[in-house]
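**Q** Sequence:
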Amino acid sequence: MKFRLWSLLILIMSVILMMSALPLQAQTGKTKRANTPKRDVSFEYRFSEELTQTEDSKSRQERWFRDAKFGAFIHFGVYSTLEGEYKGRGSQHRYSEWIQVSGKIPADEYHQVAAKFNPADFDAEEWVKVFQDCGIRYVVITSKHHDGFALFKSMVSDYNIVDYTPFKRDIIKELSEACHRHGLKFGVYYSQAQDWDEPDAPYIAPRLEGTRKFIHPELPADFKPDMDRYIAKKSLPQVEELIKNYEIDLIWFDTPSGMNMQRVKLFSDMVRKHRPDCLINSRIIHSGKGKIEAQYLPYYDYVSIGDKEVPTRKLPLYFESPDSVSSSFGYKTKGDCYYHSGEEMLHRFVHTVCAGGNALINNGPLGNGRLDPEAVRLYGVIGDWLKVNGESIFETRRNPLANRPNWGDISISKDGKTLYLHILQWPESGTITVTDLPAPATSAVYLANGEKSDFVQKGGTLELTLPAKPLDDYDMVVKIGFANSIGEQ
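Going by mature numbering (1 follows the signal peptide of the UniProt record, and there is no 0), the letters in the sequence shown line up with residues -26 to -1, 1 to 463, in that order.
Simulated from the structure, these hints should not be mistaken for laboratory data.
Label-pair ranges, simulated between beta-carbon atoms:
| no. | residue 1 | residue 2 | range |
| --- | --- | --- | --- |
| 1 | Asp389 | Asp243 | 35 to 45 Å |
| 2 | Asp243 | Gly390 | 33 to 43 Å |
| 3 | Asp107 | Gly424 | 20 to 30 Å |
| 4 | Asp132 | Gln399 | 49 to 59 Å |
| 5 | Asp107 | His190 | 42 to 52 Å |
| 6 | Thr439 | Asp243 | 53 to 63 Å |
| 7 | Lys263 | Gln66 | 19 to 29 Å |
| 8 | Gly354 | Gly390 | 25 to 35 Å |
| 9 | Gln399 | Glu83 | 48 to 58 Å |
| 10 | Asp41 | Arg63 | 41 to 51 Å |
| 11 | Lys32 | Arg63 | 45 to 55 Å |
| 12 | Lys198 | Thr286 | 38 to 48 Å |
Beta carbons are placed, not taken as given, at the ideal position from N, Cα and C, and that holds for glycine.
Please work from the sequences and hints to get the whole structure.
**A** Dropping the structure here:
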């Protein structure tokens, strides 16, 4: 008996020791996948140097897009009134515009929120004047986000701001007209695949498929979604409404879950048919950090890289970075949320342009229709800097030299005769060097005050002696002149 008790005691102690040695994930029922390979999202992987855009796309870009550089992205809708939380739920998600999913709001309840949406303080003229004063050249607003609610009068679905809310006004129409009155280009975001209000629409990831059940609890257990039925019923007809009924210069598709060549052609051909000069972005088929496939290049005009992604190198295709003044795209006050500093925002902007793209910087207006004051302030930081240094950004081209310098970045004028040195990190030595120049510089001038800068050049290396302190707190620009073009035409 003593032997059996002793054996049993040893067995129990062994089990306890084994359990204590297990990882915490195993003890709590959470398993961790070992050696799961990370998805390659490097720019080298996504952008083969052999890729080139079609001549038609280049022509559309050259009409205005490549010169514009600075756009305002606007995420505005029913979600704006909730500010990132619903009945204590959903604030953990970084994007407030995802509140219907993160807050697990059934369609019927979300419709009740939509029915009260009344942005009575919305003033398109006021918005556009703010944008224009900050140097913004084009505006892109969410005409329909993933929640399925439209900010325009739609004959396809009455789930829109004119027919469903006490506001009764067409925001897309008013903003489009205001933009064009003031010389800004106008574009719309449209979620062509995801639409949480439509059971047939797909979700961005398989793990979210269960979302359909709590948003639409009325669905039968054997319901099978049909994406093509959703496209034919709502998505494609609404895109046609936008293209035919509004002056659209750009259409911004997003989260292309389930999209294939046949579906891409439907949307691309629709846009080309009714508005041949309208630009189309790559998210008609590629996710923001997806590999660019050459077969799809004829169906869109430029690449939208990842959300809030700043390029680390110059890219072979013209691109746009969908950045934001804050960590969320929709207006968010609940849960974790932060704004960038003015310096961060300007540096992100400059690096994007110098890599060969546009910066589409988002703000999320308040539910009452007013612009977020902090967003306006941050736009103003960029705008004030552009009033002095705008020639180093607008109508420029990407850095023509092989590398990005450690002290900042470089852009070049369209004619290739002027380099703009953006000094973002002030050197302790009081000098900076530029290497691999193909020709001698003829002049060096500070944009901040118009005064000449001392420089010497030996071969392809130019050395500039800087003033005792920066002439600009965020980015001091030096304009370097050349007798002939040294860059891309």
